[in-house]
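Q: Here are the chains, one letter per residue:
There are 2 protein chains.
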Amino acid sequence: MSDVRMKGFARRTTVAQALAWLDGHLCILAEEVVPLEKAARRVLARTIVSSVNVPGFARGMMDGYAIRAADVQGASPYGPVVLRVIGRSLPGRPFQGVVESGTAVCIMTGAPLPAGADAVLPAELTENQQWIKGGGEIRAVGDVGPGKHVSGIGSDVAVGQEVLPAGRLLRPQDVGLLSSIGLADVPVVRCPRVRIVTTGDELLPAGARPAGYRIADSNGPMLQALVTRDGGLAELVGPVADQPEAILDAMRGPADVVLVSGGSSVGEEDCAPVLLRQHGQLAVHGIAMRPSSPTGMGILDGRLVFLLPGNPVSCLCAYDFFAGRAIRALGGRSVEWPYRRVRLPLARKIASHIGSVDYLRVRLIDGQVEPLAISGASILSSTTRADGFIILPENCEGLLPDAEVEVFLYDDLQAASRHVGR
Amino acid sequence: MSDVRMKGFARRTTVAQALAWLDGHLCILAEEVVPLEKAARRVLARTIVSSVNVPGFARGMMDGYAIRAADVQGASPYGPVVLRVIGRSLPGRPFQGVVESGTAVCIMTGAPLPAGADAVLPAELTENQQWIKGGGEIRAVGDVGPGKHVSGIGSDVAVGQEVLPAGRLLRPQDVGLLSSIGLADVPVVRCPRVRIVTTGDELLPAGARPAGYRIADSNGPMLQALVTRDGGLAELVGPVADQPEAILDAMRGPADVVLVSGGSSVGEEDCAPVLLRQHGQLAVHGIAMRPSSPTGMGILDGRLVFLLPGNPVSCLCAYDFFAGRAIRALGGRSVEWPYRRVRLPLARKIASHIGSVDYLRVRLIDGQVEPLAISGASILSSTTRADGFIILPENCEGLLPDAEVEVFLYDDLQAASRHVGR
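Protein sequence lines, in the order shown, are assigned to chains A and B. The numbering of the first sequence is the numbering used here, which starts it at 1 and goes up by one. The numbering of the second sequence is the numbering used here, which starts it at 1 and goes up by one.
These are computed hints drawn from the structure, not numbers from a lab. Wrong hints could be hidden among the right ones.
Below, simulated SDA-like cross-link-like pairs (lysine to any residue); rule was C-alpha separation at most 25 Å, straight line [said to hold, decoys possible]:
id, chain 1, residue 1, chain 2, residue 2
1, B, LYS349, B, LEU409
2, B, LYS38, A, GLU406
3, A, LYS148, B, GLY398
Same shape as in the complex, but just chain A (with noise of 0.2 Å):
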């Protein structure tokens, strides 16, 4: 073991250095065609167009009647409008003769209005509705302009119109509106398929009772539960011993992303830097920030990949810095942290170092933001009891009780209330 590996790493990128790097070997994946039911939450990866208007024909907006609406002009509970019902309109199921001065015909909200017809006239402003199959009369009692209650032909969408932007991660409705203009498969950007290496002698299979001296790998379920919400499709590999042909093996499988956890150091243990440096480029390795400074990125066979560290919340950082920001790129998705924020007020001073950017955890106790008295980076509890993180920058010494931080929240907004039903 040479004296330099066991001092840690001769000099640290910055974390703006290592984003910089990261940032030129982004590119968004190539598209692939998915069915509707699958699309939503993926990203479209062309513009859409319709080719259709929608709807394809004049429809009725209310219940009511289908009229001329210069035949009922003035029409008032005083001086009504008598019109005779000539038949009816109901969706999918429109009439098929021709509305003429005098007449109407019953229409239901989404009928096709009948020719002839140039508006509805609300069941409100009618009376005397006795209405029979096909016969009968009603008395108008208010009027209506021409085209009221009456949606026109390509009102939702018209032939030609770009529906949704390429880039744009599809909403509930985004879907409905692709599925109304006939699109039933959607061309989104592919899933950036991530290969995760979990490596340690010490490691037992997730979730594993641990045993002597031996841990639980949980790095490997966490950074599948990560990539999986940042739109990666996740394949757990190892754990893998800490034998360097093993490890190259491992990390060699298909995927667009690798990402390799542990023995990302510079000990005579850490194989994956040599690995990286030796059969491809270790770009960068060492970064200015705590936790998380062992960590490394480079390219093998064309792919990134990253070097995490094996302590767990090393490595939930790490991967938030910059594993997750590839693989949301990758995909189409914003680069930006999947996480929502607020702006509070420190409860008491933080210490920090000034060359390292630094990311802690908080709780939010009564509007303020409290740190994690005990946070370090192999204390995965740290980052379960924690509200979320906040970042100081390199440049920063520390913050005063009352300073107003940024925080980002680790929940989501779906998190469960404790007061229903329990």
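Given the coordinates of chain A, work out where chain B should sit on it, guided by the hints.
A: Positioned in the frame of chain A, the structure of chain B alone reads:
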């Protein structure tokens, strides 16, 4: 067609009354067990108590030397202390002997602390590292106190500790933590099965090219995406023709919640409310809100049924007010809308009807809230052009320009950035 049925609802339930009825019928579903890799974003059904210590052994937290702290007390570059290196401890491969006074064991981050040692002296505080397999000497040029750079037994999680509470929406790091305590199978709240029945003679299947007087079902795929967003398992049935037997059959398939889209009003062709009244309970029908007033709720075969208007904007709005709330609650999630909120000033005046809750689609332009001009309940594209919506309570006559309003944003935190890679 009777007069009363053509003229709309005799009276409408208020939104508050409708929600009160609904909340009285919500409970959390039973638990099921899922493997760890499926646990993220599920809701914990029980508080989890650890049956193990993590770590189960004292662990070195730095690369360096496991020592007796007393040995190096006062060591400095001017008064180094020489220690004999008697072996090494690697993660999963502990040193089996005992650290006696005057000796040290080379230790890597995460490796078990050998017996006899009580601290780790970081490599940075040593000189003359000439450790060769099992031999050599180091010079300590700094000191550490007992326990320094050591993570004790149970320092992350202790036996008997409650690690995560019932009702927790599991985060990626939570899944990592559950893995670390050996929980391969996670008890979570079962996902509500939601049967989506879209009805209407005018409907073609989702994604079909509209033709003649028929339109493609847009509510079905939109509801599928909404249900999935809210943690439900969606099954789309339909489109079903406007025939009572067919609709009743479709409503009676296996589910925890049934959504019926279309035919929810009081017209002749509106079968669903009649069916629900005949075969179950139609508890709420007609709600004082715009759009979505022809919304119904009830119980059929012991299951919640939501009658959603066929107009797509009304369908979306009624889903969000009522059905989504129920689906989230059954699955143990927050009943609140999963939309981010921002407070911004109105760009212009808004008029509103007293006596109904209004759902208005808006755009955000230059930091101001601009109501959409085209916003009929049939215009689904109004919800894809909008950035979000605002809610005007029933006692609101309208709002003046510059009034600050709360906007619920449709988009997701991962909404694609148009600046990356394009």
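Q: State for each hint whether it applies.
A: Hint by hint, here is what the structure shows:
1. B:LYS349 to B:LEU409: Status holds; Cα separation ~20 Å.
2. B:LYS38 to A:GLU406: violated, 31 Å
3. A:LYS148 to B:GLY398: holds, 24 Å
Of the numbered hints given earlier, the model fails hint 2 alone.
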